[in-house]
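There are 2 protein chains.
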Amino acid sequence: MTERLQVDLGERSYDILIGESLLTSTDLDPFVKGRQVAIISNETVAPLYLSGLREHLAATGRQVDSIVLPDGESHKTLATYSHVIDELMRLRHNRSTTLIALGGGVVGDITGFVAATYQRGVPFIQIPTTLLAQVDSSVGGKTGVNHPQGKNMIGAFYQPALVLADTQVLRTLPKREFLAGVAEVIKYGVIREPGFFAWLEASLPALLDLEPSALAHAIRESCACKAEVVAADERESGLRAILNFGHTFGHAIEALTQYRMFLHGEAVAIGMVMAADLSWRLGLLSQAEAQRIKALIAATDGLPVCPPKLDATAMLEAMGMDKKVTDGRLRLVLARGIGQALVSDQVDQALLLQTLGAYEKLCE
Amino acid sequence: MTERLQVDLGERSYDILIGESLLTSTDLDPFVKGRQVAIISNETVAPLYLSGLREHLAATGRQVDSIVLPDGESHKTLATYSHVIDELMRLRHNRSTTLIALGGGVVGDITGFVAATYQRGVPFIQIPTTLLAQVDSSVGGKTGVNHPQGKNMIGAFYQPALVLADTQVLRTLPKREFLAGVAEVIKYGVIREPGFFAWLEASLPALLDLEPSALAHAIRESCACKAEVVAADERESGLRAILNFGHTFGHAIEALTQYRMFLHGEAVAIGMVMAADLSWRLGLLSQAEAQRIKALIAATDGLPVCPPKLDATAMLEAMGMDKKVTDGRLRLVLARGIGQALVSDQVDQALLLQTLGAYEKLCE
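These protein sequence lines map, in sequence, to chains A and B.
Counted the way my numbering counts, the first sequence spans residues 1 to 364.
Counted the way my numbering counts, the second sequence spans residues 1 to 364.
Be aware that one or more of the hints could be misleading.
Each pair may be met inside one copy or between any two copies, as identical chains are not told apart.
20 Å max Cα-Cα, derived SDA-like pairs, lysine to any residue [to be verified]:
id, residue 1, residue 2
1, K294, L284
2, K151, L91
3, K33, C363
4, K151, R240
5, K151, R90
6, K309, Q258
7, K151, D86
8, K309, A358
9, K151, N94
10, K151, S96
11, K175, T313
12, K361, R12
13, K151, S82
Honestly, the hints are just simulated from the structure, not real lab data.
Here the structure is a predicted model, which means the values were calculated and not measured.
Kindly produce the complete structure, drawing on both the sequences and the hints.
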């Protein structure tokens with residue numbers, strides 16, 4: 001059973017297909033319009049899934065090339081971007097080519113940025129192979145690479161022609177990476193979908209067991225939520241900021257631990273617990289609601305809820321350096337009850353410092 | 001007298017202001033929204049106009065930085081792009097910054113591509129300082145850099161917030177570069193505006209004397225024509241191709257002479273004479289009309305009309321390698337009378353070879 005979801009962006013609208021074993025299904029074929037296709041993947045994913053996809057596409061009579069990148073965020077650079085462009089030029093891909101991103105968020109972000117800028121834009125298809133990429137980075141059109149002085153500082157908003165979320169490939173994903181994706185799934189429940197949050201509380205065991213129908217539902221609801229927010233605010237001028245619930249805290253934690261201690265989703269998990277705490281201090285969330293958020297994260301039996309012991313002043317500074325700052329003012333995403341997020345640039349710094357200092361409470 | 005022209009692209013619409021001494025006028029100010037502004041210029045233009053612009057903007061209380069690039073097409077590379085990004089990061093420009101391109105087409109193309117991709121997009125203003133940039137590259141949203149294997153292979157479609165075409169700055173432009181711009185001005189008359197073509201035949205002396213009102217009219221009509229075509233076809237799927245009248249021949253001539261013999265506008269001038277000849281052979285243009293096109297170009301007393309002696313087969317190949325090829329088919333822009341261009345992918349190769357071999361006729 002394949003589920004189909006449309007991301008409504010006018011002439012840039014596209015479909016997300018969710019289901020088992022989509023990777024080599026014929027669903028893909030109509031979206032590869034020209035005679036050339038280039039699959040961009042990484043050294044971890046390629047041995048598992050590249051040859052099947054290559055063979056499927058080659059059987060349709062197309063020129064199929066593949067470019068395999070080293071794995072990891074440290075390779076999400078302008079140098080890797082430039083290498084992919086060089087390869088496409090060397091292999092003589094023209095403006096009618098189609099790019100396919102086969103991998104996690106890093107592969108998707110680089111491939112999307114190449115697609116946005118190769119010969120001023122060619123179509124691309126996302127085949128995300130991590131839960132995080134399926135529910136987050138493959139939807140919304142953010143593409144790009146990191147700069148030594150900051151993450152995602154170079155990039156473009158560019159929409160894919162299609163996203164294929166194959167639930168089968170999650171079986172080869174390491175547990176820790178799977179849970180990092182679950183953190184973002186929980187986020188959607190908190191910021192916009194109280195019913196989905198309740199479903200997660202009830203269905204978490206099925207999800208952790210990788211039951212196909214539970215996976216498909218979680219991915220579908222997450223993508224639908226993100227798609228709705230992105231459709232309302234494609235270029236992140238307002239509403240879209242709510243997708244960053246937990247992220248301002250999370251990014252600061254990642255930065256202060258040199259991106260070594262936590263996966264992005266893990267830092268976001270802690271960030272959500274902190275954002276819930278701050279929302280409670282601001283009177284937006286009851287203590288019981290803040291507790292439900294923390295409890296659901298803890299129930300994953302793997303995602304952290306407890307921040308590392310970091311200096312509050314350093315955290316403040318790391319949060320202020322975040323690029324989601326408009327002309328010097330810190331904007332924070334808060335929860336008003338479970339299921340409704342809001343953005344505020346009026347947060348009392350004293351209360352923020354209380355949350356940053358609430359180590360004992362959050363880690364009890 | 002400042003003329004104002006709107007490029008109608010829905011939410012991406014913007015104004016072109018044309019007039020004398022706009023460079024340091026207050027017309028600019030409302031378009032610099034944030035507290036930071038970075039002027040990107042080159043070593044030729046900066047000594048002439050940078051300090052005036054800097055002082056004007058600094059007086060408005062903003063952080064004003066400037067990045068001066070080496071001059072020339074050979075620096076339109078990913079390396080230069082990367083250098084500009086590095087500088088913006090070093091100077092801590094945030095998402096609210098505004099970039100200003102102060103220079104010719106190369107500065108505009110690089111700055112536009114940086115603006116399209118710095119933190120996934122910041123606003124930018126074009127202040128083109130060559131006639132070619134004023135009537136061509138500053139309108140239409142094409143941005144990008146060259147790849148060693150091809151021109152403009154990396155880039156994006158990205159619209160400026162404003163274009164300021166200051167006719168005064170053309171007084172410091174070398175005559176040869178000025179005429180290269182006139183070639184593109186003539187092109188607009190041929191492809192879409194028979195009345196403008198007739199005006200050019202009558203007013204060429206005034207234009208070559210840099211009379212402000214003649215300059216403003218020529219720039220206005222050229223930008224209006226390009227703006228109309230771009231508005232109808234922002235991403236170059238159809239109509240926009242007519243803007244390439246003379247360019248497929250021109251690009252091939254540039255490539256086969258290693259980009260050393262002709263300025264781009266000069267190669268386009270020859271290309272237009274060749275495209276007119278081919279249009280005549282196809283029965284689209286009368287001999288007299290083809291002659292009028294050649295005569296107007298020749299009357300500039302500086303633009304070439306005569307192709308260099310190049311091997312016809314090499315020309316064919318160079319034209320076929322042009323990136324305006326869709327899945328292997330050569331599309332050519334032709335003139336049906338003066339004032340109406342069309343695109344055809346059905347040109348009889350024998351007739352094309354006749355044009356390529358018509359050296360004696362074209363150079364008589």
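For each hint, the structure was consulted:
For the homomeric pair K294 and L284, the shortest alpha-carbon distance inside one copy (16 Å) is at most 20 Å, but the shortest distance between copies (74 Å) is not. For a Cα distance limit of 20 Å, the shortest separation of K151 from L91 across copies, 16 Å, qualifies, whereas the shortest one inside one copy, 30 Å, does not. For the homomeric pair K33 and C363, neither the shortest alpha-carbon distance inside one copy (53 Å) nor that between copies (44 Å) is at most 20 Å. For the identical chains of this complex, K151 and R240 are intra-copy neighbours only, at 18 Å inside a copy versus 36 Å across copies, given an alpha-carbon limit of 20 Å.
When the C-alpha separation of K151 and R90 is checked against a cutoff of 20 Å, the pair qualifies only between copies, where the shortest distance is 14 Å, while the shortest distance within a copy is 29 Å. Within a single copy, K309 and Q258 get their C-alpha atoms as close as 14 Å, which meets the 20 Å cut-off; across copies the closest is 62 Å, which misses it. Within a single copy, K151 and D86 get their C-alpha atoms only as close as 23 Å, which misses the 20 Å cut-off; across copies the closest is 13 Å, which meets it. In this assembly of identical chains, the alpha carbons of K309 and A358 lie at most 20 Å apart only when taken from the same copy (10 Å versus 80 Å across copies).
For a Cα distance limit of 20 Å, the shortest separation of K151 from N94 across copies, 13 Å, qualifies, whereas the shortest one inside one copy, 30 Å, does not. For a Cα distance limit of 20 Å, the shortest separation of K151 from S96 across copies, 17 Å, qualifies, whereas the shortest one inside one copy, 31 Å, does not. Proximity of K175 and T313 under a CA criterion of 20 Å is satisfied in neither setting, with 34 Å inside one chain copy and 60 Å between copies. With identical chains, the CA atoms of K361 and R12 are never at most 20 Å apart, being 46 Å at best within one copy and 49 Å at best between copies.
Taking CA atoms no more than 20 Å apart as the test, K151 paired with S82 passes in both settings, with 17 Å inside one copy and 15 Å between copies.
Comparing the model with each earlier hint shows violations of hints 3, 11, 12; every other hint is respected.
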